[in-house]
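Novice: For the protein sequence lines, the chains are A and B, in the order given. Going left to right, the first sequence walks through residues 1 to 266 as the numbering used here numbers them. Going left to right, the second sequence walks through residues 1 to 149 as the numbering used here numbers them.
Since the hints were made in silico from the structure, they are not lab data.
Pulled a few chain B residues facing chain A out of the computed Cβ check, cut under 7 Å: (1) Gly41; (2) Pro54; (3) Leu56; (4) Tyr124.
Stretches of chain B that chain A covers, calculated by requiring three or more beta carbons in the stretch to come under 8 Å of a beta carbon on chain A: (5) 59-68; (6) 126-132.
Glycine included, every Cβ here is placed at the ideal spot set by N, Cα and C.
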Amino acid sequence: MIKLFQIKNYAIPNTIEEAYQLLNEKRANTLLGGCGFLKMGKKTIPTAIDLSHLGLDKIKEDENAIEIGAMTSFRAVEVSSILNDHFDGILPRAVKEILGVQFRNVVTVGATVYSRYGFSDFITALLALDAYVILYKGGKIPLAAFLAQGCQKDILIKIVILKKNTRAAFHAMRNSQGDYAILNVAVSKENNEFKIAVGARPQRAMIAREASKLLGEGQLSEAMIEEVSILAAKELTFGSNMRGTKEYRQILCKALVKRGIKEVLS
Amino acid sequence: MKINVTVNDEQLEMEVGYDEFLVEALRRYGFNSVKRGCDTGCCGLCTIWINDQPTLSCSSLAVRANNQKITTIEGLQEEATDFAKVLVKEGAEQCGFCSPGFIMTILAMKRELKNPTEEEIIHYLTGNLCRCTGYLGQLRAVKKYMGVV
Chain A
1 MIKLFQIKNY
11 AIPNTIEEAY
21 QLLNEKRANT
31 LLGGCGFLKM
41 GKKTIPTAID
51 LSHLGLDKIK
61 EDENAIEIGA
71 MTSFRAVEVS
81 SILNDHFDGI
91 LPRAVKEILG
101 VQFRNVVTVG
111 ATVYSRYGFS
121 DFITALLALD
131 AYVILYKGGK
141 IPLAAFLAQG
151 CQKDILIKIV
161 ILKKNTRAAF
171 HAMRNSQGDY
181 AILNVAVSKE
191 NNEFKIAVGA
201 RPQRAMIARE
211 ASKLLGEGQL
221 SEAMIEEVSI
231 LAAKELTFGS
241 NMRGTKEYRQ
251 ILCKALVKRG
261 IKEVLS
Chain B
1 MKINVTVNDE
11 QLEMEVGYDE
21 FLVEALRRYG
31 FNSVKRGCDT
41 GCCGLCTIWI
51 NDQPTLSCSS
61 LAVRANNQKI
71 TTIEGLQEEA
81 TDFAKVLVKE
91 GAEQCGFCSP
101 GFIMTILAMK
111 RELKNPTEEE
121 IIHYLTGNLC
131 RCTGYLGQLR
141 AVKKYMGVV
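Can you make the complete structure from the sequences, with help from the hints?
Specialist: Structure representation (structure tokens):
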């Protein structure tokens with residue numbers, strides 16, 4: 001087998017500070033998540049840093065918030081009773097169609113979010129829920145701001161979602177079961193405030209701000225939902241790749257946004 | 001690097017590379033039921049259990065298996081044979097290359113899901129591809145084995 005990537009040294013730190021020091025010792029030192037995508041790259045890694053001994057694989061809740069540790073697997077998200085009981089279960093719904101159960105046992109929340117994958121279903125769902133990322137040095141940052149900023153060397157420790165009375169919906173269109181989405185949409189509603197997040201455009205997920213604002217201000221009629229879905233498809237940018245064209249994604253966006261809005265209003 | 005693993009209830013010391021995946025290490029140590037397929041995490045041929053959870057050995061670094069419990073089909077002979085009999089009876093066995101990974105997933109599902117629906121069975125098995133059966137015979141066999149028909 002041809003090996004495209006190489007690891008020269010392997011470290012399993014016992015503290016986050018130790019991991020951070022190792023990460024910054026050399027430019028190419030790399031944190032390991034689930035490693036599902038590691039072998040697709042050609043990187044030579046001087047020191048691979050394994051975070052699996054830092055207890056970052058827990059999903060916790062208190063009165064105000066739910067926390068998802070960076071090393072939590074997608075399978076743990078899928079079967080978590082905490083996450084199934086909140087936000088209409090959109091986080092488990094967003095990950096359950098990603099390849100098979102074996103793959104979801106490998107993939108981690110932290111690596112997906114930190115890598116800001118454009119194809120991610122999970123990031124789109126988190127974005128609609130107004131999630132925060134907690135970075136070791138960078139502190140608490142809204143996910144939307146984190147996605148917009150460039151890559152800085154830091155350690156993502158956990159994701160935090162405030163517990164609110166939020167209704168939420170997630171929809172994705174795929175060419176076949178288990179494939180990456182051609183487009184995904186998450187819609188949330190908290191009182192009169194809506195968030196419409198669209199991902200796999202194929203760029204990383206973004207909030208359709210104008211459409212979300214309009215929906216919160218207007219009468220929630222069929223005509224308004226139609227207008228909002230057209231606006232969402234207009235204000236966001238779309239691209240083409242092997243899964244679908246820009247034009248097809250725009251049409252899908254309109255349809256999936258409408259479905260999402262109707263679901264949160266039901 | 002030396003790692004200590006429990007493979008099929010037996011302690012084993014394995015010498016593995018930092019960038020070596022479990023599929024390679026296990027095959028090198030004689031666990032040849034673990035097949036390499038797509039090598040991209042899509043086909044499920046290399047499915048093993050790590051701490052009783054079905055996992056892709058082509059995507060799990062061997063060093064991470066240190067002090068963990070690994071199960072391959074060699075360690076589940078009796079249960080695998082029970083299922084294989086149903087599979088053969090339903091005419092669902094063809095080339096057999098995908099069978100070890102497929103059976104590992106089914107045995108995990110049997111432990112995890114009680115009275116699953118057909119939809120739940122199909123969803124659990126999404127990560128296992130078979131290039132020759134067309135799945136219908138397999139689905140019949142799985143439903144019989146799970147006692148849902």
